[in-house]
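Peer 1: Each chain, letter by letter, is given below.
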Amino acid sequence: MEMPSLRMSARDESSLRDDETFAMNKAKLMSEPNPDRLFFELPPRGIAPKEFVNTHFGPQSGAKNLQFRKGTTTLAFIYEPKTEADKGGIIIAVDSRASAGEYISSKSVMKILDISDNMVATMAGGAADCQFWTRIVAKYCSLYELREKSEITVSAASKYFANVLYGYRGMGLSVGSMVAGYDKRGPAIFKVDSEGTRVSLRLCSVGSGSLSAYGVLDAFYQPQMTDEEARALGRRAIMHATYRDAGSGGVCNLVHITPTEKIRLPSVDVSELLYEFANEIGRDIAYEPQED
Amino acid sequence: MAAHQVAHRIAEENQRTLNPTCTGTSVVAVTFDGGVAIVADRVASYGKTARYKGVSRLYRLNSSTLIGFGGDHADFQFIQNLIYRRAHDYKAMCGDPDAELSPMAVHSYLTALLYYRRSRMNPLWNTLVVVGTQPDDEGVKKPFIGIVTLKGVAYHPKYVATGLGAMLIQQSLETEFRKHQATYGAETKLTKDEAVGLLRKAMELVYYHDCLAHSEYEIGVVTTEDAAVLPPEELVGNWAMAETNCNYE
Amino acid sequence: MTLSMDNPMAVMNAFKSAMSQVRADPPWRDAARKHGDRWNPYSFEGGSTAAIAGEDFVVVGSDTRMSQFEVNVMFREAEKIHVLNDSIILTTSGFYGDVLQLKRVLESRLHKYRFDYRTDMTVDLCAEMLARNLYYKRFFPYYTGAILAGIDEKGRGAVFSYDPIGCIERLQYSASGAAEPMIIPFFDCQVGQVTVSKETEKPALTLERAISLVKDAFRVAAERETSTGDKIHLVVAAHGKPIHQEFLLLRED
Chain A
1 MEMPSLRMSA RDESSLRDDE TFAMNKAKLM SEPNPDRLFF ELPPRGIAPK EFVNTHFGPQ
61 SGAKNLQFRK GTTTLAFIYE PKTEADKGGI IIAVDSRASA GEYISSKSVM KILDISDNMV
121 ATMAGGAADC QFWTRIVAKY CSLYELREKS EITVSAASKY FANVLYGYRG MGLSVGSMVA
181 GYDKRGPAIF KVDSEGTRVS LRLCSVGSGS LSAYGVLDAF YQPQMTDEEA RALGRRAIMH
241 ATYRDAGSGG VCNLVHITPT EKIRLPSVDV SELLYEFANE IGRDIAYEPQ ED
Chain B
293 MAAHQVAHRI AEENQRTLNP TCTGTSVVAV TFDGGVAIVA DRVASYGKTA RYKGVSRLYR
353 LNSSTLIGFG GDHADFQFIQ NLIYRRAHDY KAMCGDPDAE LSPMAVHSYL TALLYYRRSR
413 MNPLWNTLVV VGTQPDDEGV KKPFIGIVTL KGVAYHPKYV ATGLGAMLIQ QSLETEFRKH
473 QATYGAETKL TKDEAVGLLR KAMELVYYHD CLAHSEYEIG VVTTEDAAVL PPEELVGNWA
533 MAETNCNYE
Chain C
542 MTLSMDNPMA VMNAFKSAMS QVRADPPWRD AARKHGDRWN PYSFEGGSTA AIAGEDFVVV
602 GSDTRMSQFE VNVMFREAEK IHVLNDSIIL TTSGFYGDVL QLKRVLESRL HKYRFDYRTD
662 MTVDLCAEML ARNLYYKRFF PYYTGAILAG IDEKGRGAVF SYDPIGCIER LQYSASGAAE
722 PMIIPFFDCQ VGQVTVSKET EKPALTLERA ISLVKDAFRV AAERETSTGD KIHLVVAAHG
782 KPIHQEFLLL RED
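Going line by line, the protein sequences match chains A, B and C. The first sequence begins at 1 in my numbering and counts up by one. The second sequence begins at 293 in my numbering and counts up by one. The third sequence begins at 542 in my numbering and counts up by one.
For the record, the hints were derived by calculation from the structure and aren't laboratory data. A portion of the hints provided could be inaccurate.
As the list claims (entries may be wrong) - Covered stretches of chain A (chain C as the covering partner; in silico rule of three or more C-beta atoms under 8 Å from a C-beta of chain C): (1) 96–106; (2) 210–221.
To be verified - Cross-link-like lysine to aspartate or glutamate pairs, in silico, EDC-like; alpha carbons within 20 Å at most: (3) A:K107 - C:D729; (4) A:K139 - C:E669; (5) B:K471 - C:E618; (6) C:K739 - A:E41; (7) C:K695 - C:D729; (8) A:K28 - C:E669; (9) B:K434 - B:D325; (10) A:K262 - A:E41; (11) C:K782 - C:D693; (12) C:K644 - A:E41.
A quick note: this is a predicted structure, and the numbers were derived from the prediction, not measured. Glycine included, each C-beta is placed from N, C-alpha and C at the ideal position.
Extracted from the complex, chain A is given alone in its bound form:
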C-alpha cells in the first residue's frame, strides 16, 4: 500500500523553454491528481512552506479575515457502564467555533468527523488540515476493510494517521486529533498530532480550551458511570471550556460510541447549557438578559 507522500516539485524543467514549461503546467488543469500519489505544490525557490504560509497568511500578515480557520476544545473519554441498563463506551464531545485570526469565521463547525461505522476523529488545530487528512484516513480504512475482509482496529487507523502526519513534519501542518472508536479489542482513544505523536489514552482533551475541560473532567470523571452521567459530564466540560476560552464556543456536539452503535446526539447551544448548569447549582453565573 502506497502512502500519500510528499513529492518535491523537482520536475525536469531546466532544459525546457519558459513557454513550454508553462504549457505543461496548463495541461495539469484538466484532471485531479492521482490520490495515491498526492502532489502538493510547494513554494518556489526552495522557500520553506511553513515560513511562507506564515508570512502571507499568519497573524502578522495582511490576511485579516482570510486566515486559516482554527481553535477548538475537543474531549473524549472511555467509561464502564454502572448499571445493567447502561451501555458504556466512549463519549466524544466538542465545541463548534472556528476562528480566523480575531474573527469567528464559523459558529457551527462539525468537529467530529466520521472515519468508519464505529470510529470517529475529532478536529483541533487547522480545520482544513483535519478535514482533508481525516478523509484520507477514512479512505484507507474503507480500502483496508475491503482488502482484509475485517474491520480495521482503532490502533491501526490511528497509526496510519500518525505516520502520514509524521511524513509532513515541520511543514506547518496543524492537527490535534483524537481517533476514537470501538473495535474487536474494545474501546480505544488515540491522540494523534501533527508532530507525529500517537498515544493511547482513556481520558483526553485537545485544543485551546483543553485546560478548562481537563479541570472538569478530572474532578468529575469516574471509571463507572451511567450513560446520562457520562453525557452530562462531556457537555459540562465543553460548557466550562467555552466559558473561559475565547477560542471555543457555539454549540456542543456529542457522539456516544457504544459497543454496538454510534449515536450522534443533537447539538446543544453552550449558552443554554450555561444557564442549565447555573440553575442546577442554584447560582446566578452570568447576566441574564431581560425579555423585551
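Position chains B and C against the provided structure of chain A, taking the given hints into account.
Peer 2: For chains B and C alone, kept in the frame of chain A given last:
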C-alpha cells in the same frame, strides 16, 4: 538531476526581475465606436533618467491587435519574442499564412504566462495592455481592451490608464468617457477623433505630473479594418502655470 | 567544546542543532536570494461576496470593484461571480490572479466531468472537489475566500463556505472578503434570527426577502468599507428555472 543541471536551475531561478532596470511608465487606452485607441510615450527610463529616447512601447502584432506595455523593457522584449513565436506557430497550426491571433487569444495567453511566472516567484515585471478588435459570436468585430498585471490579474475595461496614470488620470478619463455613453454601461458613442483627442489630453496630464513621462509619444489605433501605430508626436505643454506658482522665491 | 563518542548525548544534540540551523538557513541561500524570497506573490484586490440559500433557491451577490494598494480603484466592473454551469455558482474574493486560476481549474474539471459522464456535475460534488483543490495548494495557497452556491441534487438551495486552504462547511448563508465581518452579523440578525427568542414568530425566508437582504448587505457594506462599492452583481438560481443575473448601482466613492 545532474550537478550541472542543478547549477543551471539555480542560475535560472536567479534571473529574475525584482528590481526592474529600464522601465516604461503609463499606457492609456480607450475604446471608441468601432475600435480602440492607445497611447504611450517613447522613452525607457533608467531610474529617473530618461535613458533611451525614441523607444516604441507599442507593438503591432497583426491587423487587429496592438500591445502596449509598462514596466521592465527587457521583460517586454522577451514577451515580444514569445508572442511573435506564438503567432508564427498559430499560422503553421492553421496551415494558413494569413491566420491571425485575436486580441482575446493573445490576452489569455499573456494572463496564463504572467500568472505562471509569478507562481514561480520569477515575475515578468510588466503591465500589459492588449487592445484590438475582437470578433463576437456573430463575427462582428468589437473593440477590445485587456489588461494583465505582473501578478496575473486580468480584466477587460472599456478605458484604462496604467502605471502612475492609474492614479493620475483614470478618473478624468472615466468622467470624459461617461459623457459619451447614452446610459451608464452602454456602448460608447465616442468617435475615433474624439478618442485620439482624449488620449492627447491624457498624455498631457501625465506629462505634467509624472516625472518619468516624456514629451514624445505615439498613438496606436485599431479599427475593424486595420491596426496602426501613428507617427510619433511631440508635446510642448503649457508651462505658464510656473510663473504664477513661484512660492519658492 | 570538544565532542567525543564518550558523550553520545552531546554528539547527538550537536548534530541536531546543526541540522536545524542548516535547515533554517541553508548556505546556498545567499543575500540576493533571501531578498528575492521576500517578494510578495499575492495582492488583494478588495471587494466582498455573499450568498443566502433558501428552500429551493439561492441568491448570490458581490460588488464589482477592483482596487489596487487598498486605495486606488482600478476597475469598476470586475466579475467576482462565475456561473460554472446551470446549477453551480462560484464566487470568490481575494487575490484576483488566484481567483482567475481557481475558476480555470474548476471549469477544466467540470468540462472533463461532462466529457466523461455526459452529465453536468452537481453542486454537492463540485463542493467537495473545490475543497480538495484548495487543499492541494496547502503549502502555496490560493489567496481566496471562496463560496460555492447552487441547487443541490434534491432541488434545495446550497451554500458552501471555504477558508483559503479548503476547510469546507455547508451553511444557510455566508460571506467572504473585506466586508465579511460586516455582512455576516447582518445575516445572523436577519436570516439566522439569533437575536430574537424562540417563541417569536419569524418571517419566512422567501426569494424576494433573500434578494432584498443581499442588496441591503452590500449597500451597508459600501457605506462603511472602502474596497466595496460600484455595483452589485446579483445572481439568482431557483430550482427548475434558468439562472438570472442582474447588476445594480452602488456608491462609487
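Peer 1: Each hint should be assessed against the structure and marked as holding or not.
Peer 2: Evaluated hints:
Only when three residues or more bring their CB closer than 8 Å to a CB of chain C does the claim for the segment 96–106 of chain A stand; here the count is 5, and the claim holds. Only residues whose beta carbon comes within less than 8 Å of a beta carbon in chain C count, and the segment 210–221 of chain A has 0; fewer than three means the coverage is violated. With a CA separation close to 11 Å, the supplied pair A:K107 and C:D729 stays within the 20 Å bound. Our distance criterion of 20 Å between C-alpha atoms is met by A:K139 and C:E669, whose separation comes to about 14 Å.
The suggested pairing of B:K471 with C:E618 holds, with an alpha-carbon distance near 18 Å, which does not exceed 20 Å. Pair hint C:K739 plus A:E41 does not hold up; C-alpha atoms about 48 Å apart against a cutoff of 20 Å. Under the criterion of a C-alpha separation no larger than 20 Å, the hint pairing C:K695 with C:D729 is inconsistent with the structure, at around 25 Å. Between A:K28 and C:E669 the CA atoms are separated by roughly 19 Å; this keeps the pair inside 20 Å, and the hint holds.
The hinted pair formed by B:K434 and B:D325 meets the criterion: a straight-line CA distance of about 9 Å does not exceed 20 Å. Taking the CA atoms of A:K262 and A:E41, the gap is about 38 Å. The hint is violated against a cut of 20 Å. A hinted pair counts as satisfied when its Cα atoms are at most 20 Å apart, and C:K782 with C:D693 qualifies at roughly 13 Å. Taking the CA atoms of C:K644 and A:E41, the gap is about 18 Å. The hint holds against a cut of 20 Å.
Checked against the numbered hints given earlier, the structure breaks hints 2, 6, 7, 10 and satisfies all the rest.
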